[in-house]
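Input sequences plus hints: build the corresponding full structure.
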Amino acid sequence: MRYRSTRGGVRGVSFVEAVMMGLGPDRGLLVPESIPTVSASTLARWKGLAFDELAFEVISLYVDREEISAEELRELVRGAYATFRSKDVTPVVELDRSRVHLLELFHGPTFAFKDVALQFLGRLFELILKKKGGEDHLTILGATSGDTGSSAIEGVRGRDSVECFILYPQNRTSKIQEAQMATVEDPNVHAIALAGAEFDDCQKIVKALFADAQFRDRNALGAVNSINWARIVAQIVYYFYAAFRLEAPPAFSVPTGNFGDVLAGWYATRMGCPCSGLLVATNANDILARFFASGTYERPAAGAVPTLAPSMDICVSSNFERFVFHCSGDDADVCARLMADFENAGSFIAPEPLHVRARAYMRAASVDRDGILRTIRDVHESAGYVLDPHTACGVKAALDLKDDLPSDAPIVCLACAHHAKFPDAVRQAVGDDHFAKIPPEPKLQTLLDLPFRNTVLANSATAVKDFIDATMARRRANKKLNKI
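Position 337 (the sequence shown) corresponds to 337 in the numbering used here; numbering is contiguous.
One or more of the hints may lead you astray.
[Stated by the list, open to error] Computed list of lysine-lysine pairs in DSBU-like fashion (alpha-carbon distance at most 30 Å, straight line): (1) K465 with K204; (2) K437 with K175; (3) K131 with K207; (4) K175 with K207; (5) K465 with K132; (6) K465 with K175; (7) K87 with K47; (8) K443 with K87; (9) K465 with K207; (10) K47 with K402; (11) K443 with K175; (12) K465 with K131; (13) K132 with K207; (14) K130 with K465; (15) K87 with K437; (16) K204 with K175; (17) K130 with K207.
[Claimed, not checked] Restraint-style ranges between C-beta atoms, simulated for each label pair: (18) F435 with R218: 44 to 54 Å; (19) A345 with L246: 41 to 51 Å; (20) D432 with V93: 18 to 28 Å; (21) N171 with R374: 21 to 31 Å.
Calculated directly from the structure, the hints in this document are not laboratory data.
Since the model is a prediction, treat every value here as computed from it, not as a measurement.
All residues carry an ideal CB built from backbone N, CA and C; glycine is no exception.
Here's what the structure looks like:
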């Protein structure tokens, strides 16, 4: 398997090269040159596999055996998913008898779906560095709207060969999301709050620093955001896993911000995963819902609106570029032109064939504040199940769009995070009396009592660059002293 850039600047890249590159030198995203298809007999064989065994089979299709052996890959996935609290890793539970199921993705160390990919990616980075002789180091740089940061940190904390810098918008995550990042004591972890920033500002700075070749090479940057292909391929697995647990091909409703999760579902369907449809669920930051309705991809001038689902408070969905590339017929010239229009003018209008193809693959709906609160309350009253606000977006969108689906199709809503990460939203939804009866999650609650060791910086690429350079200079100096 080889990889190419969505903008045409590079191709013939190996899996390890794609993982370590993160972003292409032309600022495009790496995608497989072809999408493998899975035969009916292989699907039948996969159906009975445990999650880690299925992960090995799926990821193997995208990995060069000369770079990572079968045994090395098996060890990676075993280690990654041994950290999960559920033996099923991502169990499917029936929400009610009206076709709706939940794919629980929050049983990892940080109680969010990002753990599925980042527990794998952290170990993958370590293996790659080890195979290079163990002397190399990697500087992880990522942006988070809430959950990626803590999951990335958990995947690499305490690793001598990795330094981790996570940018997040100050005062725009939940208190527990921030505490999961800012209370980590490992010296290789740096949680950076950008003053006055939105997530899109953080993401823009990360892309700018990856585009700075001298800075990137000087600090050996590695990406943990879903611009990194390894994030996507690891998430493909649970679409197959969920589909195998239902009697009919399900539709998947995916709470969506940066588009990586639903994109993984799209790759799964292209490979042959049984599926009756993909539903994109957004909050009030509805750039994606507007695109599917109109064909215009336009960033709002006012920026992101703060919502009860902060991990989806995003105006620029990075992974959408991969989808645009594929919907253009894998035409890098078309993709590069559209992304240049977006970067220069803040919008692009999709050619009609591209928009038609996109709508054939997915449907979208946006969910407002009242819809989130009402869905959490209704599900709690009817099923005794507590949704987090992001999952509530997925459930509400599924109910709004179910008439577009085959009448016998089960609906699987991706449950992206544990409700205990968002207690304020849950309390508003169910009321104080009902909230008091919901058991807390002790591992999360105790974080709020720990001291913070985050760094607050100005919302600028220069400030972040200077901080990373200074930190890495001290790291290199200390490493030399330790060798004396």
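Hints versus structure:
1. For the suggested pair K465 and K204, the alpha carbons sit about 13 Å apart, so the restraint of at most 30 Å is met.
2. A distance of roughly 21 Å separates the Cα atoms of K437 and K175; the hinted pair therefore holds under the 30 Å criterion.
3. In summary, the hint linking K131 to K207 is supported, as the alpha carbons are separated by about 27 Å, within the 30 Å threshold.
4. In summary, the hint linking K175 to K207 is supported, as the alpha carbons are separated by about 26 Å, within the 30 Å threshold.
5. Distance hint between K465 and K132 is fulfilled; the C-alpha atoms sit about 26 Å from each other, no more than 30 Å.
6. Between K465 and K175, the direct Cα distance comes to roughly 26 Å. Compliance with the 30 Å bound is thereby established for this hinted pair.
7. Restraint check for K87 and K47: the C-alpha separation of about 16 Å stays at or below 30 Å, so the hint holds.
8. Of the supplied pair hints, the one linking K443 and K87 holds, its CA atoms being roughly 19 Å apart against a limit of 30 Å.
9. In summary, the hint linking K465 to K207 is supported, as the alpha carbons are separated by about 12 Å, within the 30 Å threshold.
10. In summary, the hint linking K47 to K402 is supported, as the alpha carbons are separated by about 26 Å, within the 30 Å threshold.
11. Pair hint K443 plus K175 holds up; C-alpha atoms about 14 Å apart against a cutoff of 30 Å.
12. A distance of roughly 29 Å separates the Cα atoms of K465 and K131; the hinted pair therefore holds under the 30 Å criterion.
13. Of the supplied pair hints, the one linking K132 and K207 holds, its CA atoms being roughly 26 Å apart against a limit of 30 Å.
14. Using a Cα cut-off of 30 Å, the hinted pair K130 and K465 holds, with the two alpha carbons roughly 27 Å apart.
15. Proposed proximity of K87 and K437 is supported: the alpha carbons are some 27 Å apart, at most 30 Å.
16. Proposed proximity of K204 and K175 is supported: the alpha carbons are some 23 Å apart, at most 30 Å.
17. For the hint pairing K130 with K207, the CA-to-CA distance comes to about 27 Å; that is within 30 Å, so the pair holds.
18. Hint check: F435 to R218, Cβ distance near 50 Å, so the stated range 44 to 54 Å holds.
19. Here the CB-CB span from A345 to L246 is close to 43 Å, well matched to the stated 41 to 51 Å.
20. For D432 and V93, the hinted distance range of 18 to 28 Å is satisfied, since their beta carbons lie about 27 Å from each other.
21. Our hint of 21 to 31 Å for N171 and R374 holds, since their Cβ atoms are close to 26 Å apart.
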